[in-house]
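**Q** Here's the letter readout for the chains.
There are 2 protein chains.
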Amino acid sequence: MYIILVYDIEEKRVGKMLKLCRQYLNWIQNSVFEGELTEVKLKELLYKAKDIMNIDKDSIIVFKNRQEKWLDKQVIGKEKNDLDNIL
Amino acid sequence: MYIILVYDIEEKRVGKMLKLCRQYLNWIQNSVFEGELTEVKLKELLYKAKDIMNIDKDSIIVFKNRQEKWLDKQVIGKEKNDLDNIL
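Protein chains in written order, with our numbering: chain V, 1 to 87; chain C, 1 to 87.
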C-alpha cells in the first residue's frame, strides 16, 4: 500500500516524530513522508505516533493508495538533499 | 484531477503562499491542501507560486491523481477547525 503521511506537530515533539516516521517511510519534505507500508505496519506506526502526539494540538493525515502508479508527483523548488540519509 | 499540495516555505513568504493556495484548494493542515483542479488551473497556481517562492530555499510537492476514490484519507489528532473559513 502506497502511503503519504503529513504531520503538524508542535516543535518540542517534532524530533521524536520525525525519527519515528523515518523508520517506516521516506522523508520527502519538512513534514511529509511517502512509501510502501502494509496495513499492519501502518497501524504500528500510528500506534507509536499517538504516543508521541498531543491529540488536542497535533495532527497527522495519512493518504493511502492501493497503487502508486495512480499518483503523479511533481516537485517545485528545493529537493531534499542527501544530508537526510546521514541525519 | 485530484490534487494534494504540500509546501515548505520560509516564514516570511508563507502568508502569501497560503493565501494563493486557498484560492485554488482546500486547506486541510498547516501546509497541506487538497482538491479538484484542472491541469490548466494547476499550471496557473504553480506559475503564481513560483513568483512567491525562493526556488533555492522553498519547495512545493504536488501529488496528482485522476480519481480521488483511489485514495483513502485518515486524520489522527486535531482536525482543522471552522476558523479556517473565516480567516
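Hints are computed from structural coordinates only; laboratory data are not their basis. There's no promise every hint is true.
The list treats identical chains as one, so a pair stands whether inside a single copy or across any two.
In silico DSS-like pairs for lysine-lysine, Cα to Cα no more than 27 Å straight-line [what the hints assert, rightly or not]: (1) 12 / 43; (2) 41 / 78; (3) 64 / 48.
**Q** Against which earlier hints does the structure fall short, listed by number upward?
**A** none
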